[in-house]
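Student: Each chain, letter by letter, is given below.
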Amino acid sequence: MTMNHEETSRQAQSAWGARFLEYRLMWRALRRDRLAVISLAIILVFVLAAVFAPSLAPYPDQALGKANLSEKLDPPSATHLLGTDDLGRDVLSRILYGSRPSLSIGIFVVGLAMIIGTPLGAIAGYAGGWLDQVIMRITDIFLSFPALLLAIAISAALGASFFNAMLSITLTWWPWYTRLARAQAVSLKEQTFIEASRAIGVPGFTIIRRHIIPNVLTPALVQATMDIGSAVLMGSALSFVGLGVQLPRADWGNMLNVARLYFSDGPWFAIFPGLAILLIAMCFNLLGDGVRDVLDPQSRRTG
Amino acid sequence: MAKAEYIIRRLLLAFLVLVGVSIITFVIARMVPSDPVALYVGPRAKPEAREAARVKLGLDRPLHQQYLRYMGEVLSGDFGISVRSRRPIIDDLKVFLPATLELVLLSMIFTLVIGIPLGVLSAAFKDTWVDHFSRIFAVINVSMPVFWLALLLQLLFVRQLDLLPVGGRISRDIAILSPIEPVTGFYLVDTALAGNWSAFRDALRHLILPSIALASYAIGLSIRMTRATMVEVLQQKYITAAWAAGLTRRTVYFKLALKNAIVPTLMVLSLSFVWQVSGAMLVEIVFLWPGLGTYLVNAILTIDFPIVVSVALIVTVFYVFSNLFVDVLQAVIDPRVSLE
Amino acid sequence: MDQPLVIVRDLRLQFRTYAGIVHALNGIDLEIYEQDMLGLVGETGCGKSMTGLSILGLVPRGGEIVSGSIRFRGEDLLTKPESYMQQVRGARIAMVFQDPATSLNPLFTVGQQLETVMQRHHPAAKNEMRDRALELLKVVELPDPARILDTYPHELSGGMKQRASIAIALSCGADLLIADEPTTDLDVTVQAQILDLLRRLRETQGIAILMITHDLSVVAETCQRVAVLYAGQVVESGPVDDVLFEAKHPYTRALLKASPKRSSRGQPLQAIPGTVPSGLQPLEGCSFAPRCPHAMEVCSQPPPRASVAPAHAVYCFLYTDAEGT
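Protein chains in written order, with the numbering used here: chain A, 587 to 889; chain B, 10 to 349; chain C, 60 to 384.
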């Protein structure tokens with residue numbers, strides 16, 4: 587049976603097609619996991635809240651920083667559902683506006699880390715040899731640093747801002763995806779269809795693009811879903827230390843930083859932003875659990 | 010012997026990694042966009058004083074020489090001088106490092122004692138209320154911002170119930186009336202050694218809240234990890250064979266299955282050890298704990314980069330060694346590990 | 060024949076799955092005598108492993124024994140609490156499994172695994188147990204037992220691993236050994252050795268063996284009696300020679316005809332048309348009827364047990380016209 591380049595291309599193209607079919611089946615299986623579905627719903631609510639914050643917030647100007655000193659540290663009431671902060675600003679509005687940097691740091695960091703790390707790992711795993719060694723040594727070194735510490739150090743060096751915080755956290759995150767992708771690529775490399783493609787002369791990069799990456803994507807996506815929660819946590823930690831979004835712009839982390847000083851007088855100021863972080867992180871973790879269970883054939887068994 | 014070979018290779022790798030780490034730390038610290046000389050001598054210094062400062066700080070040499078000089082000093086115990094306070098960093102480290110370590114070690118003990126057994130029980134009683142409670146507890150712990158938990162604990166135990174002190178390592182009265190002789194820098198150890206029980210109790214009261222807050226993430230992580238690995242192990246045929254031999258539940262879960270599940274759990278613990286060292290930073294801020302974290306954060310905000318480099322280096326060294334420890338432990342426990 | 064060691068009557072086992080209720084066992088009747096060698100033979104999925112696990116009370120999660128009895132020395136094990144069963148397992152009834160590579164714990168030496176089991180049922184001083192362990196390894200004919208005590212499973216060959224598993228199973232003086240496909244994953248030559256060993260052990264150790272297998276030749280070589288299983292039911296049972304040479308049940312006959320050893324050169328293998336039922340439909344009548352060339356109207360009723368010879372029983376309507384029992 588002779589195979590030509592056309593046939594292999596078609597078969598390879600169906601690798602992506604096969605991926606999409608697989609994703610549809612996964613979605614159907616995921617729907618059965620109630621916790622995952624609820625988590626996804628809550629996440630969507632948060633995302634919508636972030637997008638439509640200006641319309642939803644009862645006091646948008648206070649959310650952006652306008653002080654209201656006469657109502658300093660008021661407990662939750664009819665006019666201020668979650669109370670006011672140290673400058674009398676409405677906590678609810680600031681939480682709504684704060685969801686923007688807090689959520690986006692999580693999503694962008696993980697997205698970027700995946701985009702940078704996965705192809706790098708796929709190349710390392712597939713190419714092998716010195717390229718593999720070099721990439722993996724660099725990865726190992728980055729992974730030797732405690733992530734939070736590294737992020738704080740880089741962020742401080744670059745200057746405190748939202749963008750720099752995002753950059754520094756991404757720099758600590760990408761190695762995980764490289765490692766993951768490399769492991770997958772190494773095991774895929776041995777499979778016959780790859781050897782066949784190589785034998786008929788398909789160039790390395792095409793093989794990586796058409797065969798390796800789609801197969802590597804699935805575990806990466808599972809990891810990414812869970813990671814978004816952790817990235818949000820790390821982002822808020824950076825803001826808490828003063829290295830993220832700067833006041834008067836609202837961010838869940840920097841709200842807690844200020845709240846720390848006032849918590850005996852205004853505990854609500856400390857409780858609610860933290861609760862928001864907890865809720866988002868929990869939902870991403872539960873969603874990630876659900877996605878991982880769906881992909882793990884063992885848990886589809888009975889019992 | 011394949012195993013010894015493996016261990017030696019891991020040691021060499023760790024050493025290489027340490028070198029790489031020190032270089033990167035050094036480079037990052039140098040990236041700081043500010044003038045350490047100006048910070049050192051003040052804005053109104055004369056050019057000669059500035060030049061002298063440059064030489065003293067070694068900034069006139071090319072970068073790689075600066076690095077080598079720095080590493081030489083570090084290895085002989087000299088971590089340089091704080092740009093702000095002019096004090097030798099090593100003196101500060103002697104106080105702050107044990108403070109953080111004591112916190113982290115206590116929190117690791119909590120993790121081992123609470124996290125692992127809960128994970129085992131969760132897997133053993135899979136899908137019962139024990140399992141559900143454990144899993145919810147674990148997810149909450151893993152998703153909680155640690156500084157928020159610290160604040161909540163303070164709110165509850167300090168403000169509302171007035172049971173525990175608000176911060177610091179030791180109360181002022183104790184510090185005056187029964188001062189602690191610094192031997193190791195670990196207050197619990199030093200007070201026990203001296204028989205200073207009132208100070209011991211006081212130190213413990215100060216330690217409890219911060220270490221619980223710090224332990225939360227690691228506890229959640231170990232419950233999840235242990236449960237997942239145990240569930241997988243419990244499905245193995247050798248566990249069925251153990252049941253078929255009439256072995257008791259305690260033997261099967263805690264002697265047989267746990268040994269097979271322990272390695273991934275230990276890996277998670279080592280990862281969380283590092284996390285706890287960085288998380289300690291956040292907890293220290295809330296509890297006004299005079300440790301490495303507060304030291305580092307202040308240094309960062311005041312751009313005192315010799316301190317930043319030193320602390321980053323030390324913490325990372327701990328990380329590398331704890332990873333190494335787990336790898337070696339795995340080689341010891343699992344007879345199948347030899348070449349990888 | 061004296062009182063059977065084990066009497067299984069009308070054992071029915073169901074599993075709850077996403078797809079519905081699976082009827083794994085549909086009324087198993089068995090007798091195992093002292094020092095007996097009973098072969099339990101059938102295709103994959105007919106329930107033979109589940110029968111073995113049921114006797115030990117080790118039915119996997121999701122499974123429920125809905126009716127029947129399993130009497131061991133007169134006591135119905137199904138009515139006993141877990142604590143009682145923990146005493147029975149290992150000490151009275153033991154089991155060896157199919158793949159010794161996965162049924163031995165990879166992180167413990169053979170000696171440690173032996174000791175753990177012995178410590179459980181017959182605790183003694185360290186050196187006493189070590190001596191007993193050495194004895195056991197000699198009994199299963201392992202060379203250099205002292206060295207083997209301190210080796211890990213992955214350092215042993217397949218045959219040696221299985222011998223070690225047998226040693227562990229016999230370590231506490233069990234009366235019945237359930238062997239679930241003990242030779243299926245081994246090389247052919249090793250297979251013969253292990254079967255030989257099991258045969259010898261039956262005499263020297265005075266144990267009964269329930270040999271679960273899909274391979275008729277194994278049954279022919281080693282067993283005294285055999286029970287043929289189909290879709291969770293015993294269809295025929297009796298002395299090996301009777302059942303194999305004068306098979307009565309259509310399924311047994313078809314099985315024998317399909318065996319490569321029985322076929323003649325150049326002739327196509329006689330497969331049995333149709334497929335094994337999935338177990339999702341509750342059983343009505345004879346489970347083999349859909350594939351049976353002699354199926355009759357009355358086969359939609361559960362077939363009664365018919366004695367075609369002393370100790371040779373068939374569950375088939377073809378043999379009930381004579382007396383009805």
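Keep in mind that a hint or two might mislead.
What the hints assert, rightly or not - Simulated restraints on C-beta separations:
{"#": "1", "chain 1": "B", "residue 1": "Lys264", "chain 2": "C", "residue 2": "Glu194", "range": "53 to 63 angstroms"}
{"#": "2", "chain 1": "B", "residue 1": "Ala58", "chain 2": "A", "residue 2": "Pro834", "range": "33 to 43 angstroms"}
{"#": "3", "chain 1": "B", "residue 1": "Phe142", "chain 2": "C", "residue 2": "Tyr77", "range": "46 to 56 angstroms"}
{"#": "4", "chain 1": "A", "residue 1": "Leu717", "chain 2": "B", "residue 2": "Lys55", "range": "34 to 44 angstroms"}
{"#": "5", "chain 1": "A", "residue 1": "Ala782", "chain 2": "C", "residue 2": "Glu141", "range": "27 to 37 angstroms"}
{"#": "6", "chain 1": "A", "residue 1": "Gln719", "chain 2": "B", "residue 2": "Asp343", "range": "35 to 45 angstroms"}
{"#": "7", "chain 1": "A", "residue 1": "Gly715", "chain 2": "C", "residue 2": "Gln329", "range": "37 to 47 angstroms"}
{"#": "8", "chain 1": "A", "residue 1": "Gln719", "chain 2": "B", "residue 2": "Leu172", "range": "34 to 44 angstroms"}
{"#": "9", "chain 1": "A", "residue 1": "Gly790", "chain 2": "B", "residue 2": "Ile17", "range": "50 to 60 angstroms"}
Said to hold, decoys possible - Derived DSSO-like pairs: lysine-lysine, alpha-carbon spacing no greater than 27 angstroms straight-line:
{"#": "10", "chain 1": "B", "residue 1": "Lys246", "chain 2": "C", "residue 2": "Lys139"}
{"#": "11", "chain 1": "B", "residue 1": "Lys246", "chain 2": "C", "residue 2": "Lys197"}
{"#": "12", "chain 1": "B", "residue 1": "Lys135", "chain 2": "C", "residue 2": "Lys197"}
Stated by the list, open to error - From the derived model, a few chain A residues whose C-beta atoms are all more than 12 angstroms from chain B:
{"#": "13", "residue": "Ala636"}
{"#": "14", "residue": "Leu667"}
{"#": "15", "residue": "Arg686"}
{"#": "16", "residue": "Ala713"}
{"#": "17", "residue": "Leu717"}
{"#": "18", "residue": "Leu729"}
{"#": "19", "residue": "Phe731"}
{"#": "20", "residue": "Ala737"}
{"#": "21", "residue": "Ser741"}
{"#": "22", "residue": "Ala782"}
{"#": "23", "residue": "Leu833"}
{"#": "24", "residue": "Leu865"}
{"#": "25", "residue": "Asn871"}
Treat the hints as calculated values from the structure; they're not laboratory data.
All C-beta atoms in this analysis are idealised placements derived from N, C-alpha and C, irrespective of residue type, glycine included.
Student: It remains to establish, for every hint, whether it holds in the given structure.
Tutor: Going through the hints against the structure:
1. B/Lys264 <-> C/Glu194: 53 to 63 angstroms: violated, 24 angstroms
2. B/Ala58 <-> A/Pro834: 33 to 43 angstroms: holds, 40 angstroms
3. B/Phe142 <-> C/Tyr77: 46 to 56 angstroms: violated, 26 angstroms
4. A/Leu717 <-> B/Lys55: 34 to 44 angstroms: Given a distance of about 53 angstroms, which is not inside 34 to 44 angstroms, the answer is violated.
5. A/Ala782 <-> C/Glu141: 27 to 37 angstroms: violated, 55 angstroms
6. A/Gln719 <-> B/Asp343: 35 to 45 angstroms: Hint violated: Cβ distance 26 angstroms, outside 35 to 45 angstroms.
7. A/Gly715 <-> C/Gln329: 37 to 47 angstroms: violated, 56 angstroms
8. A/Gln719 <-> B/Leu172: 34 to 44 angstroms: Violated - the Cβ-Cβ distance for A/Gln719 and B/Leu172, about 56 angstroms, lies outside 34 to 44 angstroms.
9. A/Gly790 <-> B/Ile17: 50 to 60 angstroms: Since A/Gly790 and B/Ile17 have Cβ atoms about 35 angstroms apart, the given range 50 to 60 angstroms is violated.
10. B/Lys246 <-> C/Lys139: Since the Cα atoms of B/Lys246 and C/Lys139 sit roughly 24 angstroms apart, the hinted pair holds (cutoff 27 angstroms).
11. B/Lys246 <-> C/Lys197: holds, 25 angstroms
12. B/Lys135 <-> C/Lys197: violated, 41 angstroms
13. Ala636: holds, 18 angstroms
14. Leu667: Answer for A/Leu667: holds, closest chain B Cβ roughly 20 angstroms.
15. Arg686: holds, 18 angstroms
16. Ala713: holds, 20 angstroms
17. Leu717: A/Leu717 is indeed farther than 12 angstroms from all Cβ atoms of chain B, at 18 angstroms.
18. Leu729: violated, 9 angstroms
19. Phe731: violated, 6 angstroms
20. Ala737: Violated, because the least Cβ-Cβ distance between A/Ala737 and chain B comes to about 9 angstroms, which does not exceed 12 angstroms.
21. Ser741: Check fails; 9 angstroms does not lie beyond 12 angstroms.
22. Ala782: holds, 29 angstroms
23. Leu833: holds, 15 angstroms
24. Leu865: violated, 8 angstroms
25. Asn871: Its Cβ does come within 12 angstroms of chain B, the nearest being 5 angstroms, so this is violated.
Hint check: violations occur at hints 1, 3, 4, 5, 6, 7, 8, 9, 12, 18, 19, 20, 21, 24 and 25; the rest are consistent with the structure.
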